[in-house]
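S.K.: Sequence:
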Amino acid sequence: MELSTVNCQLPTVNLQGGNTLYLKRLEVQGFKSLADKIELQFNPGITAVVGPNGSGKSNIADAVRWVLGEQSVKSLRGAKMEDVIFSGSDRRKAVGMAEVALTLDNSGSVFPLDYSEITVARRVYRNGESEFLINKSPCRLRDIHELFMDTGIGREGYSIIGQGKIDEILSAKSEDRRTIIEEAAGIIKYKTRKLQAAKKLVDTEQNLVRISDIINELEIRVEPLAEQSAKAREYLGFREELVDLEVNLLVNQIADQKQKLAEINEKDEGLQRNLIESETMYRNLESEAEEQKLQTNKLDEEITNLQKELYGVSGRIEKEEAQIMVAGERLKDLEAQKEEVHQEISELQNKETIERTQHSDDEQAFTEVKEKIKAEEKRLAEIEQRLSDTEAKLLAEQKQIEEQKGEIIDLLNEMAGVKNSINSGEIEKHNILRRTAQLQAQIEALDVEHTAVDNKEKELRERIGESDYTISKLTADEKLLAEKRDNLDGQLKALAGQLAEARELLRNKSSRLKALQDLQDDYEGYHRGVKEVLIESKKGNACPGLCGVVAEVIRVPEKYETAIEVALGSALQFIITENDINARDAIQFLKKNKAGRATFLPLNSIKPSQKQDEIKKIAENKGFLGRAAEFISCADKYSDVVEYLLGKVAITENINHAIELARLTNHNIKIVTLDGDVVNPGGSITGGVYQRGRASLLGRIREIEEAAADSVRLEREVKVLDNNMSKAQTDFNRYLTQIAGIQAQLQDLLIEKNSLQKDADIVLQEKERLSGTKKYMAEELQNLNDQAASSETITISRKKNLKELELKDVEIRRSIEDRQGQLTGLEKERSSLTDTATQTKVSLAGLKQEEINYTQIMNRVIEEIKEIKAQIQRKEKQVKDCHAQQELMQTDIKQHEQEVRRLNQQKGSLEDTLNDMRNEKQSLAAGVAEKESRAKTLTREMGQVKEQLHAADIKRARFGFEVENSLAKLAEEFEITYEEALLKKTEIKSKREVSARVKELKEAIAVLGNVNIGSIEEYTRVKERYDFLSGQYHDLDEAKKSLYKVIAEMDQIMMKKFRDTFNEINSNFGLVFAKLFDGGKAELILTNTDNILESGIDILAQPPGKKNQHLSLLSGGERALTAISLLFAILKTKPIPFCVLDEIESSLDEANVDRFANYLKEYVLDTQFIVITHQKGTMEAANVLYGVTMDDSSVTKMVSMKLSDAMDKVS
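Letter by letter, the sequence shown follows residues 1 to 1211 of the working numbering.
These aren't lab readings, by the way, just hints derived from the structure by calculation. Warning: the hint list may mix true and false statements.
No farther apart than 25 angstroms at their CA atoms in a straight line, the calculated lysine to any residue pairs in the SDA-like style are these [said to hold, decoys possible]:
(1) Lys946 - Glu286
(2) Lys539 - Glu705
(3) Lys308 - Leu294
(4) Lys637 - Tyr560
(5) Lys921 - Ser933
(6) Lys767 - Asp447
(7) Lys991 - Asp256
(8) Lys1002 - Leu249
(9) Lys199 - Lys493
(10) Lys1023 - Val689
(11) Lys509 - Asp203
(12) Lys1023 - Glu234
(13) Lys727 - Asp486
(14) Lys374 - Ser843
(15) Lys799 - Ala789
(16) Lys670 - Glu620
(17) Lys559 - Glu223
(18) Lys637 - Ser605
(19) Lys616 - Val678
Being a predicted model, the structure only gives us computed values, none of them experimental.
Whole structure, please, built from the sequences with the hints as guidance.
M.R.: As structure tokens, this is what we get:
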């Protein structure tokens, strides 16, 4: 697209103002239609860009918008960012890059950069890459936004105002206008920050709920873990002493076993020596046998090679004999070929003789034809001379006849003219009569039409009355539907509140469920060993056959959860396995990975206690609720486990009942109360406040199930509320549709009424027109009667003249007939001569063609004779070639026969050598058999020695196994090597005393019961996590308060900024409106003063001489000028360095354009304007004028010229 831009420098305006920042230069290349590099220089004041539609003017505004950081492709009138790159045309290739550079004057140091000029550039490539530059240094888009922040320039400012901004103001939605005031007030960044803060607040509250759940789970684990870790430390003390004693016993045992192994090894040495001697002899025999076998193999290879060579010689003999046979056949073929060629030569010689005889006959016939041609040419010349004389006489007669025909034509033309005049008179008379009849009919029709118009006027008046009645009825219906709509709107708001509350409950419940599921999936609260086994089993890498922990497979009513939890204690974390093998594998996994300890309950070995006599004694007593096992629900396969753990545990209501029942059973069973107090077998009592929290294993699983059920229930409630709201919204929309329909009907009726009123006015005008038409037709009828009388007199005179002309025509036609007789005789004579001449020419042409044919035949015969001679020469050469090949073949056959004789001799020699080698092979095979027999004897002797060694190996293996077991026990049970154990070895004076001490330590450990070694590490980890999360909860809570405070502060700032800016813009709006409209008034109205931050903005305007009304009720031009007034008011409130106006005054008339242009001049002290326009008034106000056009290659061009130079040329 070619853009031809004329730059006219108009007289300079002295601009003295406070604007120290202005746009100096714009450089564009490859952007949209601006394919070639152009540079536009700008000065302070008003610069206008003009040109025809489609020439690329608005692309200059788009270029400025784009370089300032516009990211919306839709705002740039494209579908994707690559669309801004020139895409080519029929005459111009596409370019690969678009670049725009914008230079600003920074002499006033508006920007915090040490440069007098600031150049911002942007590039984009077809591959999607792009870059931003500030003074040719790469930067980010964010850097450009921050550079222009609070300067009024940029994507959020008013540096570029196009039809889009006008559309926002003219929009029917008051909320759309609000954004314009917000941009001017500078609160867009606060709204963005508020939205970000609100999002962070939601995230923070969700994190608080999650962390709170986790803290509640952890806080009840800290105290039990503290008790377990103290118990574990006491256990470790006993365990350390026990390990030292047992390790010392094992080290001494290993020393005794190693001594016995040394004695066995000494006996083995003699047997090994005997075995080695026998094996040496066996190897020698085996080596000799192998050597002979090797020789045999070599002979086999030589025999094979000889056989191959023999086969090769036989093949060559066969090949030579085959070649001799082929050569013989070839000799026969050559002989036959020679005979065939001799026959062909003879045939060619006969053909040559025949052709020469035919050539002699053709030459004689050719001479006779030439003589006939000369005679026919002489006869033709005589006939043509006679024909020429006859045609001359014929032309003279024809000339006389044509002259007389010309006289007849002139008479006929004159007669036709008279006849036409007579016919015209008749037609005119007929037309007058027809027109007279038409006028009389039209006058009658006008009378009928006048009557019809009167009736139509009456009908229209009646329909106007009916429209008034219908409009009144529809207005009442609209009011009734509006009341229903308002009632339904209240219901919708109530449903929306209920739906929001239900969704909030669902969100909290889902968050709680996820937290519990995460704890359960991570096995939080489980001992280390239990957790490691469960995680590994879940992965499927090890520990097969696990059914789960006790807490997972049982279900307990909430009422009995505390009692069952206390009764089971750490047994809640016992792992149930399918069998004892699975339990063993899991224990080995824990040992191998040093992952702690765990207790396992194999289903194949757990046997429940059958003795329940003590419980039966108290079953009928007050306070007894039942056996603990009876309150458990589980799968049948786990019933033995439940009986094993809880079969001998009774549950009572309170501690008083528990103590009383314990006395009755002589303190032989365990009794647990609903509050968690315990009377243990033997009489000890445990009680107090039991801190059950949400981290309890039984409670956690129950709560997960309850939370899941609640989530499902809440989802159903949300769905029901959502459906109800959808139905209500549907009804609400239906009312809106009905109201809109009624309003549309009212609008249609008003339009129809206006149309009827206009029709009535038209009918009245029609009545007046009919009266005038009738008067005009009466006058025309009188004129037609006068014309009819005059036309009749003229027609009689013309008929008399026509008769005279017809008599003269008859005389001339008789003279022509006489001359036609003479002309016919001459034409017959010419025709006869012409036929004779034609026949002579045809005969002559035949003879000439015959002459040509004889010439071609003789030439062809000569060529054929030459070709026959050439063929005879080629055939004779072919005979000589066949003879030479025969001689070569005979020589070749003799050579092949000599080679066959030589190969037969070689074949006989090879067969003799082959027989000798086969005899030698048989001799070697006999030697190998003798040595293999001796080797078998030695093998039996070695077997006996090996049996003796094997017996010794069994003894050594037994002692070695005992040593390995002891070493394995050291490694697995005590996690120590033998060398490390030797360092701890001490002399044992009395094994009995050491064994007694070991027994005491084991009993002490047994008294401690189940010990969770991992609780020490677990306690430290949980305590650290609890402290950390508590700190996090405090920080998040503070952050939440801070966010609420920040949002409140931003609301106050936005309210103040918006209120102040709105008031100032409203005041300026009234002043600007009055000036642009030359009177009148206008104001901005908030639709919701109680909520300024969400309120829409309406515009009320009162142009001079009209009433105050809403913007939508103004005319198109008034609305556009009102919108421009608001934009000027915003510029007056918040001046910006420069502003690009893209055809915003296009819908204004000439007078309003002049006001617009004059008002622009008042702003040039604070703002530099670049105006894209079609309006003459705007052009006249500009200081610099750029003209834009487009060439045939669809490229925008620019041609610059100063106005002073143009004026000189004109003068």
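S.K.: So, for every hint listed, does it hold in this structure?
M.R.: Taking the hints in turn, this is what the structure says about them:
1. Lys946 - Glu286: Answer holds: Lys946 to Glu286 is near 20 angstroms, not above 25 angstroms.
2. Lys539 - Glu705: Given that 25 angstroms is the threshold and the Cα spacing comes to 24 angstroms, the pair holds.
3. Lys308 - Leu294: holds, 21 angstroms
4. Lys637 - Tyr560: With a Cα-Cα distance of about 22 angstroms, the restraint between Lys637 and Tyr560 holds, given a limit of 25 angstroms.
5. Lys921 - Ser933: holds, 19 angstroms
6. Lys767 - Asp447: holds, 10 angstroms
7. Lys991 - Asp256: holds, 14 angstroms
8. Lys1002 - Leu249: holds, 15 angstroms
9. Lys199 - Lys493: Between Lys199 and Lys493 the Cα gap is close to 24 angstroms, so the pair holds against 25 angstroms.
10. Lys1023 - Val689: Roughly 21 angstroms separates the two Cα atoms, so the pair holds.
11. Lys509 - Asp203: holds, 16 angstroms
12. Lys1023 - Glu234: holds, 20 angstroms
13. Lys727 - Asp486: holds, 16 angstroms
14. Lys374 - Ser843: holds, 12 angstroms
15. Lys799 - Ala789: holds, 17 angstroms
16. Lys670 - Glu620: holds, 17 angstroms
17. Lys559 - Glu223: holds, 24 angstroms
18. Lys637 - Ser605: With Cα atoms ~13 angstroms apart, Lys637 and Ser605 stay inside 25 angstroms; holds.
19. Lys616 - Val678: Holds, at about 19 angstroms.
Hint compliance for this structure: every hint is met.
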